[in-house]
Amino acid sequence: MKINPNVPLEYGTEENSNRIFGFWIFLGAEIALFSTLFAVYFTLWNRSGSGPTASEIFELKGVLVETFLLLTSSFTCGLAIHAMRHGFKKATLVFFAITLLMGLGFLGVEITEFVTYVHDGATLSTSAFLSSLFVLLGTHGLHVTMGFLWGAAIMIQIKREGFTPDTTNKSFIFSLYWHFLDVVWIFIFSFVYLKGMM
Amino acid sequence: MMKQLFPIKHVMGYIFSLVLSVVALAVLMDGITYTVGLAILLICAILQAGTQLFLFMHINESKDTKTSLYLNIAYALFVGLVTIFGTLFTMIWGY
Amino acid sequence: MKLDEFFVTGEPMIYAAMVSIVVASLAILIGLTYFKKWGYLWREWLTTVDHKRIGVMYIIAALLMLFRGGVDALLMRAQLAVPENGLLDAQHYNEIFTTHGVVMILFMAMPFIIGLMNVVVPLQIGARDVAFPRLNAVSFWLFFAGAMLFNISFVIGGSPDAGWTAYFPLASLEFSPTVGNNFYSISLQIAGIGTLLTGVNFIVTILKMRAPGMKLMQMPMFTWSILITSVIIVFAFPVLTVALALMMFDRMFGGQFFTMANGGMDMLWANLFWVWGHPEVYIVILPAFGIYSEIIATFSKKNLYGYKSMVASMVVISLLSFVVWAHHFYTMGHGSMVNSVFSITTMAIAVPTGVKIFNWLFTLQKGRISFTTPMLYTLAFIPIFTIGGVTGVMLAMASADYQYHNTMFLVAHFHYVLIPGTVFAVIAGFHYWFPKVFGFRLNERLGKLAFWLITIFFNVTFLPLFFLGLNGMSRRMYTYSEGSGFGPLNMVASIGAVGLALGFVVLCYNIYWSFRYAPRENVNDPWGGGRTLEWATHSPVPEYNFARTPNVKGMDAYWHSKKENQPLFEGKIEPIHMPNNSGQPFILGVIFFFLGFFLVFSWWIPSIIAGIAVIIMLAARTFERDHGRHIPVKEIMEIEEKHGGELV
Numbered sequence: 001m002k003i004n005p006n007v008p009l010e011y012g013t014e015e016n017s018n019r020i021f022g023f024w025i026f027l028g029a030e031i032a033l034f035s036t037l038f039a040v041y042f043t044l045w046n047r048s049g050s051g052p053t054a055s056e057i058f059e060l061k062g063v064l065v066e067t068f069l070l071l072t073s074s075f076t077c078g079l080a081i082h083a084m085r086h087g088f089k090k091a092t093l094v095f096f097a098i099t100l101l102m103g104l105g106f107l108g109v110e111i112t113e114f115v116t117y118v119h120d121g122a123t124l125s126t127s128a129f130l131s132s133l134f135v136l137l138g139t140h141g142l143h144v145t146m147g148f149l150w151g152a153a154i155m156i157q158i159k160r161e162g163f164t165p166d167t168t169n170k171s172f173i174f175s176l177y178w179h180f181l182d183v184v185w186i187f188i189f190s191f192v193y194l195k196g197m198m
Numbered sequence: 199m200m201k202q203l204f205p206i207k208h209v210m211g212y213i214f215s216l217v218l219s220v221v222a223l224a225v226l227m228d229g230i231t232y233t234v235g236l237a238i239l240l241i242c243a244i245l246q247a248g249t250q251l252f253l254f255m256h257i258n259e260s261k262d263t264k265t266s267l268y269l270n271i272a273y274a275l276f277v278g279l280v281t282i283f284g285t286l287f288t289m290i291w292g293y
Numbered sequence: 294m295k296l297d298e299f300f301v302t303g304e305p306m307i308y309a310a311m312v313s314i315v316v317a318s319l320a321i322l323i324g325l326t327y328f329k330k331w332g333y334l335w336r337e338w339l340t341t342v343d344h345k346r347i348g349v350m351y352i353i354a355a356l357l358m359l360f361r362g363g364v365d366a367l368l369m370r371a372q373l374a375v376p377e378n379g380l381l382d383a384q385h386y387n388e389i390f391t392t393h394g395v396v397m398i399l400f401m402a403m404p405f406i407i408g409l410m411n412v413v414v415p416l417q418i419g420a421r422d423v424a425f426p427r428l429n430a431v432s433f434w435l436f437f438a439g440a441m442l443f444n445i446s447f448v449i450g451g452s453p454d455a456g457w458t459a460y461f462p463l464a465s466l467e468f469s470p471t472v473g474n475n476f477y478s479i480s481l482q483i484a485g486i487g488t489l490l491t492g493v494n495f496i497v498t499i500l501k502m503r504a505p506g507m508k509l510m511q512m513p514m515f516t517w518s519i520l521i522t523s524v525i526i527v528f529a530f531p532v533l534t535v536a537l538a539l540m541m542f543d544r545m546f547g548g549q550f551f552t553m554a555n556g557g558m559d560m561l562w563a564n565l566f567w568v569w570g571h572p573e574v575y576i577v578i579l580p581a582f583g584i585y586s587e588i589i590a591t592f593s594k595k596n597l598y599g600y601k602s603m604v605a606s607m608v609v610i611s612l613l614s615f616v617v618w619a620h621h622f623y624t625m626g627h628g629s630m631v632n633s634v635f636s637i638t639t640m641a642i643a644v645p646t647g648v649k650i651f652n653w654l655f656t657l658q659k660g661r662i663s664f665t666t667p668m669l670y671t672l673a674f675i676p677i678f679t680i681g682g683v684t685g686v687m688l689a690m691a692s693a694d695y696q697y698h699n700t701m702f703l704v705a706h707f708h709y710v711l712i713p714g715t716v717f718a719v720i721a722g723f724h725y726w727f728p729k730v731f732g733f734r735l736n737e738r739l740g741k742l743a744f745w746l747i748t749i750f751f752n753v754t755f756l757p758l759f760f761l762g763l764n765g766m767s768r769r770m771y772t773y774s775e776g777s778g779f780g781p782l783n784m785v786a787s788i789g790a791v792g793l794a795l796g797f798v799v800l801c802y803n804i805y806w807s808f809r810y811a812p813r814e815n816v817n818d819p820w821g822g823g824r825t826l827e828w829a830t831h832s833p834v835p836e837y838n839f840a841r842t843p844n845v846k847g848m849d850a851y852w853h854s855k856k857e858n859q860p861l862f863e864g865k866i867e868p869i870h871m872p873n874n875s876g877q878p879f880i881l882g883v884i885f886f887f888l889g890f891f892l893v894f895s896w897w898i899p900s901i902i903a904g905i906a907v908i909i910m911l912a913a914r915t916f917e918r919d920h921g922r923h924i925p926v927k928e929i930m931e932i933e934e935k936h937g938g939e940l941v
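Residue numbers (the working numbering), protein chains in the order written: chain Z, 1 to 198; chain C, 199 to 293; chain D, 294 to 941.
Chain Z extracted, bound-state conformation (with noise of 0.2 Å):
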């Protein structure tokens, strides 16, 4: 396995450089995939038929901490790959544990929000509005749930094998994964919920 020195570890073989653009593809097709699913609520939103509106059931506490969670999250995120690259293997666990830990109370606090609307008779099946809804937080917060479980056997393997360009090219990957939820969650904060109370 030819090794390039002078690019960071992760990028070094050829094979695990092609694997991180790789990857950058995959997200592209995830912002097709999220705009498709912004699409068909922006277009259903104010279609709640006989049941609540945007408006009646959002609600500003929950979203607030869940946007602080995963903001939170993502900057760990990155100190976990700054550290990795200076090669601190326990604080990249640290940083990285926060991550997940954050991740896991984002779904906490989701799954909180969910059954309060189901709950109060806002379910998938009341409006198309709701269908919108559910649909598009819970493909995030699915994306979310794949990525603790994903992060959390990366963890693993940088706890058994150290810093080697497989553990490395995979933690990188994670990062760019987790940073894209992010991504993702500023808009569905701000065009799902802000732009839902305004």
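If you are wondering where the hints come from, they were derived from the structure by calculation, not from laboratory data. Source: prediction; values computed, not measured. Check the hints yourself; a few may be wrong.
Computed Cβ-Cβ distance ranges for the label pairs, DEER-style [said to hold, decoys possible]:
1) 221/C with 153/Z: 36 to 46 Å
2) 64/Z with 547/D: 51 to 61 Å
3) 897/D with 234/C: 22 to 32 Å
4) 767/D with 118/Z: 43 to 53 Å
5) 641/D with 200/C: 50 to 60 Å
For each residue, glycine too, the CB sits at the ideal point set by N, CA and C.
Position chains C and D against the provided structure of chain Z, taking the given hints into account.
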């Protein structure tokens, strides 16, 4: 040690994104019109996305793929915006 | 669920199909056991990550699906041959035109193209494999799982019956209560994920794995077309993913996206479907343009005219393909502004397409043309496709479209685009690159016979449909009255369909005949006019493609190295790094098949178990450490010697 673990660029980026989130909350105040509100949301969201892309995701760090990655994001945005606004145009505005 | 609801009952044709499926499966199982081929099948094919073998598997699957879709087509033509025919009832006819459309577009045309690109693209750019060989195998097995899941609906549960576009509200649970459309949404979802991954894989392969010296603007035109196609795949397929997921939510979880109460919007499905669906049309046509470009240049012994404008027109098409979708539902009733905008964008696409047609004609001009089978298909394509294109411009005019919409005119139009466009192209490409994979060419006489049968009877089949459409015969009608006067032309079309089928039989016979009797040439460049790198290596291609990486100095590198006597391969042979085979992609495909099957019938506990199995497979992959293997120099030399000829 602290300086190495918490690089100033990351910290600034984090603070910047928190500030942008707070600024976006302004749209909930009374007296802000719908159009102005949307504009604020749009600008804040774009700046936030840019912060993530450049500061945290290092989109511009690899010389040989930089152009391809920009093109990739540009194409994705083109398709995304066409899907969103095209759908609204066909299904609502122009119906 | 009762057993007689689970299996489709009451139709003699379906009973016959069940019997033949069981018999054929048993024959395959017994044959594999008797000839002790299980190990061979597993080692050489099911676990392979070699792009050439994956390509071959794609093409075999596509040919099987061509048979399936072709039988559907023949049944439809048989039903429509005479007025008030009772061969099929309305329900059965609905199912058949639905599966014909889905199978032909998604499980025949696309995999055939993906198969060809798998075989050819890495060779054309001088690479040893695609960027992510393992992912490539995953793509194939996901596609195959989706295709099998879709086809099994024929005997278990019932086929989808709402058309290949599955418009709501017809496709909703209310109006299509059987599991048929669940099969539609879930099998397309699984196959679609595979296709998306293929797109990512080939973008990276083409952008990052080219042989040293090959600049972007020196790539062979087929590779260019695949790059653009992959870009369209990556950005269009997520839309299908979402649309199908929403369909699943509506049908299985009480979603209200496309319902007619509670704020749902039925036409939103049509909108989303075509946001993907129109780019999809270009996904199957751009590679065809690439194939024709290669064939025309090779058999005219000239370089391609207007290389840059060819590339530019494909880039423009890729962008325009995303802004024309609403022309599929002009008659939905939206405002004239919407129709005007989409009318203009649609007509604009004719411009870059026209540029390509002229470029091909100019390439032919003053060329020394050899009329081989692939070249014949290419030459026939130009005029026939132009008919399809021009009728497309007619359909693009929104106000006139009110007259053509959903008539046989439309059916004739898209068959005139897709058959000479995509089907002729994949057949031509199949003949053209066949010797690269197998070391011998298909028989030219049989090939030409098949060509003439297919071309003539294609026109006999579909030309009458233009006139039937203009006379007011609408599509998807399972029968018509004698008084309508549609009888004679329909009879002509049905006779044509039989001839077309005969052409495909000759084509298949040719494959069989050539495998048995065709002379084994084993030369690098059997056509004698090869221009691009794939002709520089041995036929059949060794596993590592090129013993030494080619050194590219310009366009049509192989042609120029021949003409100017410059070596393409220099330096000494080094150990070659190759990926290892893996059973994981196949197993993942099997799991996805069962996951899809359980979801179709809403069997939640088995679905959850299969879902967990998918996550376990993903975890197994991330913890795996497989850095491939190196083929030692000694082994390379042995392989090279076995292939004879000069070292490449």
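Each hint tested on the structure:
1. 221/C with 153/Z: 36 to 46 Å: 37 Å Cβ-Cβ, so the 36 to 46 Å window holds.
2. 64/Z with 547/D: 51 to 61 Å: About 31 Å separates the Cβ atoms of residue 64/Z and residue 547/D, which means 51 to 61 Å is violated.
3. 897/D with 234/C: 22 to 32 Å: Check failed, 48 Å falls outside 22 to 32 Å.
4. 767/D with 118/Z: 43 to 53 Å: Holds: the Cβ-Cβ distance is about 45 Å, inside 43 to 53 Å.
5. 641/D with 200/C: 50 to 60 Å: Distance hint for residue 641/D, residue 200/C holds at roughly 58 Å.
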